[in-house]
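Chains as they are written, first to last, in full-length UniProt numbering: chain A, 1 to 378; chain B, 1 to 378; chain C, 1 to 378; chain D, 1 to 378.
Hint data in this document are derived by calculation from the structure and do not stem from the laboratory. Just so we're clear, the structure is a prediction, and the values are computed from it rather than from any experiment. There could be a bad hint or two in this list.
Over the 10 Å line for every Cβ pair with chain B, so calculated as not near, a few chain C residues [what the hints assert, rightly or not]:
1. Ala49
2. Leu84
3. Ala94
4. Glu162
5. Arg204
6. Arg219
7. Ser226
8. Leu229
9. Lys261
10. Ser276
11. Glu280
12. Arg281
13. Asp291
Pair by pair, the computed Cβ-Cβ distance ranges are [what the hints assert, rightly or not]:
14. A:His373 / B:Glu375: 26 to 32 Å
15. C:Thr170 / A:Pro225: 54 to 60 Å
16. A:Glu232 / B:Leu364: 55 to 61 Å
17. A:Glu376 / B:Gly123: 52 to 58 Å
Non-contacting residues of chain A with respect to chain D, defined by C-beta distances greater than 12 Å in every case (computed) [said to hold, decoys possible]:
18. Thr44
19. Ala49
20. Gln143
We put the beta carbon where it would ideally sit given N, CA and C, even for glycine.
Number of protein chains: 4
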Amino acid sequence: MQQVRVGLIGTGYIGRCHAIAYAQAPVVFPLKGQLVREMLAEVTPELAARQAESLGFNRATGDWRELVADPAIDVVDICAPNFLHKEMALAAIAHGKHVYSEKPLALSTRDAAEMVEAARRAGVKTLVGFNYMKNPATQLARQIIARGEIGEVVHFYGTHNEDYMANPATPLDWHCRKDSAGLGALGDLGAHIINMAHYLVGSRVASVSGDMQTIIGERPDPRAPSRLLPVENEDQAHALLRFESGVMGQIETSRIACGRKMGLGYVITGTRGCISYTQERMAELKLYRHDDDQGRQGFKTLLLGPEHPDYAAFCISAGHGFGFNDQKTVEIRDLVDGIAAGSPLWPDFEEGWRVSRVLDAIALSAERRQWIHVEEIQ
Amino acid sequence: MQQVRVGLIGTGYIGRCHAIAYAQAPVVFPLKGQLVREMLAEVTPELAARQAESLGFNRATGDWRELVADPAIDVVDICAPNFLHKEMALAAIAHGKHVYSEKPLALSTRDAAEMVEAARRAGVKTLVGFNYMKNPATQLARQIIARGEIGEVVHFYGTHNEDYMANPATPLDWHCRKDSAGLGALGDLGAHIINMAHYLVGSRVASVSGDMQTIIGERPDPRAPSRLLPVENEDQAHALLRFESGVMGQIETSRIACGRKMGLGYVITGTRGCISYTQERMAELKLYRHDDDQGRQGFKTLLLGPEHPDYAAFCISAGHGFGFNDQKTVEIRDLVDGIAAGSPLWPDFEEGWRVSRVLDAIALSAERRQWIHVEEIQ
Amino acid sequence: MQQVRVGLIGTGYIGRCHAIAYAQAPVVFPLKGQLVREMLAEVTPELAARQAESLGFNRATGDWRELVADPAIDVVDICAPNFLHKEMALAAIAHGKHVYSEKPLALSTRDAAEMVEAARRAGVKTLVGFNYMKNPATQLARQIIARGEIGEVVHFYGTHNEDYMANPATPLDWHCRKDSAGLGALGDLGAHIINMAHYLVGSRVASVSGDMQTIIGERPDPRAPSRLLPVENEDQAHALLRFESGVMGQIETSRIACGRKMGLGYVITGTRGCISYTQERMAELKLYRHDDDQGRQGFKTLLLGPEHPDYAAFCISAGHGFGFNDQKTVEIRDLVDGIAAGSPLWPDFEEGWRVSRVLDAIALSAERRQWIHVEEIQ
Amino acid sequence: MQQVRVGLIGTGYIGRCHAIAYAQAPVVFPLKGQLVREMLAEVTPELAARQAESLGFNRATGDWRELVADPAIDVVDICAPNFLHKEMALAAIAHGKHVYSEKPLALSTRDAAEMVEAARRAGVKTLVGFNYMKNPATQLARQIIARGEIGEVVHFYGTHNEDYMANPATPLDWHCRKDSAGLGALGDLGAHIINMAHYLVGSRVASVSGDMQTIIGERPDPRAPSRLLPVENEDQAHALLRFESGVMGQIETSRIACGRKMGLGYVITGTRGCISYTQERMAELKLYRHDDDQGRQGFKTLLLGPEHPDYAAFCISAGHGFGFNDQKTVEIRDLVDGIAAGSPLWPDFEEGWRVSRVLDAIALSAERRQWIHVEEIQ
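Chain A with its partners taken away, still in its complex shape (with noise of 0.2 Å):
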């Protein structure tokens, strides 16, 4: 069976994930090629030795340009900060290397063009951590979507909302910085919810109308709590969507959205149903359809089970509920068996590009308070 060597750049939040989810993976599913976690890179020679250690990696380096340039590597994972991503991810590439890059894949649409063109001529394989959309819960919205279950979809409500930026006194990060994050909310969450809206109503963004705002203005010098640094980006935004299809849609991201933890979720009607979620209850749909009997219609709760898209895999009971990383390993099973296997992966840096794209057109449309073409972002 063909080996897929996997290295991992970064071991923070969402390294951690990654890393849970390589551990997991090859228990859970009957990968078609043989994972190996062979080469882990952090910040100094130590954290990567104890990480690799920790995590189940091989062989630990300090130096990122070294995992990318190694021959026992055949897949470039890449879960630093986003300013570095674009670095890193042509870095990988140039030595010839699939890429998994985690979201936003770059820190604009030129950045993100750059990275697809450079792949392209590669023709190595790419994917963007999308996870929430590996979600079984999300795949089956998408199939009965497809199935026409709620008949054709007429609007599509998203929300991306969380609150880890709601209290004023936490100290400005490179979230908050324009050089090291590039948008804000909707950068950082909003990236979700438009690859969703691309998933789910199966049709992509064409035209936006935007607004944002920074509500906390400014934020504690980590480094000198005493002294307020100017935060760069926003704190919340919203837009109108209108898809190729013809289709109306909505989204709202926030960072400071108080009580939203995991606030996640999408409203989508349809001619004869409707599909809601919230990740907040990452385990179950509501679906209602309009043409159950009269007196015995409403929205039902199902609770994912074994005939949903990859739940079995994890439990073969219903309702025996589904956690953050193993949405992840659903998304590294696609990783693994892609590359194995040669076939296609998606959502590829094309799709982060086009997510890329809708960000920038809704933030151009706040500034200009007027529609944006998605096409006109370049």
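Guided by the hints, dock chains B, C and D onto chain A, whose structure is given.
Quick look at chains B, C and D alone, frame taken from chain A:
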């Protein structure tokens, strides 16, 4: 005790709701005036007589003009179809009557302005039937916001979605024609959510970017079901809002939103908390406060209880429920007390006109594909 | 149309609820008789007069004996404290009046039996105010069961928990004394759930194994708060049931169940489905059908709508809500129609007596620590 | 670092869950010992070899006796059917191994007692797989109770209902036979809820009054579906409990409870609050505190977050979800740490035996129709 003698025009859907509330109000509340169900008008004398008997009114007439001119009437209550509101209200005002009209106030902002002006000149009191804001749960939401319990409001999301026209086989009725209804979902349902936004946010909508669609373009002619007639106004609409205070808002309305039977709802985000509500569970409000202890934060479900506004008059035990007609009963309490005590009523015709301006601004924005200042609408 | 002239005794908590329902009923329903709010009795003539005016009754008296003897009264409605039910009912029956009594029917099964017998001999109609079973959601549950939509019932779980006595500082009142209330939580709340069990399961409770406790043994004397008085009946109780049909059941009741404001609820399991309900969301019912398609099974939330029993009289749009007093209005419709049309009323005194037997059996079982056949209770 | 070498017997439903957890645990937690997936036993050498490869075990055997005797095994993990637990555990103990067994511990209390005694004499550690109590949400419930946040516990209501046998066409399997499973729903599901009761209430069940039924008396023979075989144990059971502390409790369990897919849940009432939980929403806990401000009381939905026990190891962001296998991962952390650090494990065989006694007491009580003291069961 001063009498408040009511003349009710129209006993269809909402007229019956008024009649139930009139019957209930004097027993529920210690009213400041003596409510008298004096006269009722319907389209024929026979129907009027039958309805007066079953709804408990003293007299009946088949001619509303007789009612508005009757000297024994203090307030004219207009529950006729939208296109008649203006004519009836102006006639009532001309006879010096107070006017209580169902929403939307008129078919156009211009008409609404005329009604406001006539009432102002005549010095009569006016009230518009935005009954959802009278629900104790929503009054509680306002109280929580006004007391600063969720900090400063930073975002408003509101919906009024229903599915009463979701079935394409449902025949065309007056709601779907411009000359009888004006706007579609926006006028019928959106009006409530704009009024709600004004009430809860405590600031008026200043500008909007809207979008709208007619999804079911033709419907059966009710008189010849095999013939299809064009639907003349929108099935669904949504908009971004900016309030005068600078707060960002978003609304959504639809009459074909499968599964939403009474889908009026809101999520109001503040700097230190959040409120969430849906009219389908009209006796509960969800409240999140970010200052709660770490590890003990979460949305709390408040059931209406005697400490909350206007609930105790119906039942002094908490959580015992609240019904659709009960909120209209609160509205009628306001009407009677306002007239008897000479105190102001709200939402008055001016608010009806303001709501109309916002709705027209949304429709214009959808057409022009740009933000519209509400002040531009005359 | 035949008149149904009501004499109401008591205008406290539940008496006010009756009064609101009397005001509402003739407008909501096309009653088969003409409901007349004829006379009202309270503890003093002054209070009676005040209440008659505010509650819309024609006459008032400070002596309930005068009311039960009045020739212009057709039905006596007893909303006085429990310990008076028997004396008042027997007096009313002696004057040939129909009797409508609040629950629990009497302080003991023996007293209840006497009342049943007196009514039977006099040939008068009786009704007990088990209003929760009149709620359209619960009527819908019964309809679903009766039609076999969940197969054969195999298990009943019912609760009526509240927390009105949860605070130990709440003074002792008549609910806590044997001579004025008889049983504690069982009598006040448990009565509802036993009646509900009979209604929904469609079979009577045949035997019980119960347990009960007084948790707060002493409470402040309301007249001298620093003095503590003993609580004489149970704060909480629960029991296993066997119905005559062989079905297993379980109930739970408490007046100190923190957080349950109106915690009447049930879960009814059938061989092919399940129904779940809580009175705190009194306008919705959850329904599961095991025959639904694989992968599309789940509990469906049914909102009350015009297809459901008795809802349309209040509002013809689905999901618009239903209130506490509305279910009493349904009960009063039953009362008036039953008397005017000469048709049977239910739950009648016999059902009140049957419920009392079950409650006494639970109390006896708790004492003897063994199963008790309900028939043993006389 | 000390090695903890595991020998796993059985890779069916729950064995796979263990295997996923073994893969995940060392990456999720900083374990105190080095976990080694040393050997796996299945019913044939071929199956064992295949499973060892896919589940990541070093060695395989078709003979579990070889595994329990292997000198390179520190702990034997028994995931075989119930009727084999005793024999395997005694053999493992005879070889001085620690034993980690799935529930129920044995087919009878007597067998369980023998296992407890053997382990005690051998001085080996034991752990029973009551994984639901390892879920952070339930650990949080325990923490809240232990800190007195809901006052003194006064009532426990617990369920473990599922519907895996609801369909009468589901063939008879070992769960339905006395010689292979012992009890039915009580043994398979009820065991969890009794353990949960002990854990959460902090007191042991002292006496019970139970009832039970077999609803589907015959099921198809899996080898000849047209032939029906008798079901030998109960489909549903429920019981009243008294804890040693005097607290009243109630439990309910069923394997034919239509619609309950993972219907383990509890409502725990205290003198100053209440906790409510259902495993179908395993990442949230509802908490009510009676001391909250008047008008601001209500059940609060706590989403698991980094402040709660054991959640942060999986994800440091609140509300991001928790899965079925994750709670088993917590259990395995306890196993490895307990063995490596020499600290006590819980729930151990003694707890397994205590649970067995309660279950047998319920079954005996159902037969005798009277309360049974748990101590009577030997």
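A quick look at each hint next to the structure:
1. Ala49: Per Cβ check, Ala49 (chain C) is outside 10 Å of chain B; nearest 15 Å; holds.
2. Leu84: Fine: 21 Å to the nearest Cβ keeps Leu84 (chain C) off the interface.
3. Ala94: holds, 30 Å
4. Glu162: violated, 8 Å
5. Arg204: holds, 28 Å
6. Arg219: Consistent with the label, Arg219 (chain C) stays out of reach of chain B, its closest Cβ about 19 Å off (over 10 Å).
7. Ser226: holds, 27 Å
8. Leu229: holds, 24 Å
9. Lys261: At about 3 Å from chain B, Lys261 (chain C) fails to clear the 10 Å cut-off, so the statement is violated.
10. Ser276: holds, 15 Å
11. Glu280: Glu280 (chain C) not clear of chain B: closest Cβ-Cβ about 5 Å, inside 10 Å.
12. Arg281: It is violated; Arg281 (chain C) is separated from chain B by about 6 Å at its closest Cβ, not greater than 10 Å.
13. Asp291: It holds; Asp291 (chain C) is separated from chain B by about 22 Å at its closest Cβ, greater than 10 Å.
14. A:His373 / B:Glu375: 26 to 32 Å: Given about 29 Å between the Cβ atoms, the range holds.
15. C:Thr170 / A:Pro225: 54 to 60 Å: violated, 48 Å
16. A:Glu232 / B:Leu364: 55 to 61 Å: 35 Å Cβ-Cβ, so the 55 to 61 Å window is violated.
17. A:Glu376 / B:Gly123: 52 to 58 Å: The hinted range 52 to 58 Å holds for Glu376 (chain A) and Gly123 (chain B), with Cβ atoms some 55 Å apart.
18. Thr44: holds, 19 Å
19. Ala49: holds, 15 Å
20. Gln143: Given that every Cβ of chain D is farther than 12 Å from that of Gln143 (chain A), nearest at about 19 Å, it holds.
Checked against the numbered hints given earlier, the structure breaks hints 4, 9, 11, 12, 15 and 16 and satisfies all the rest.
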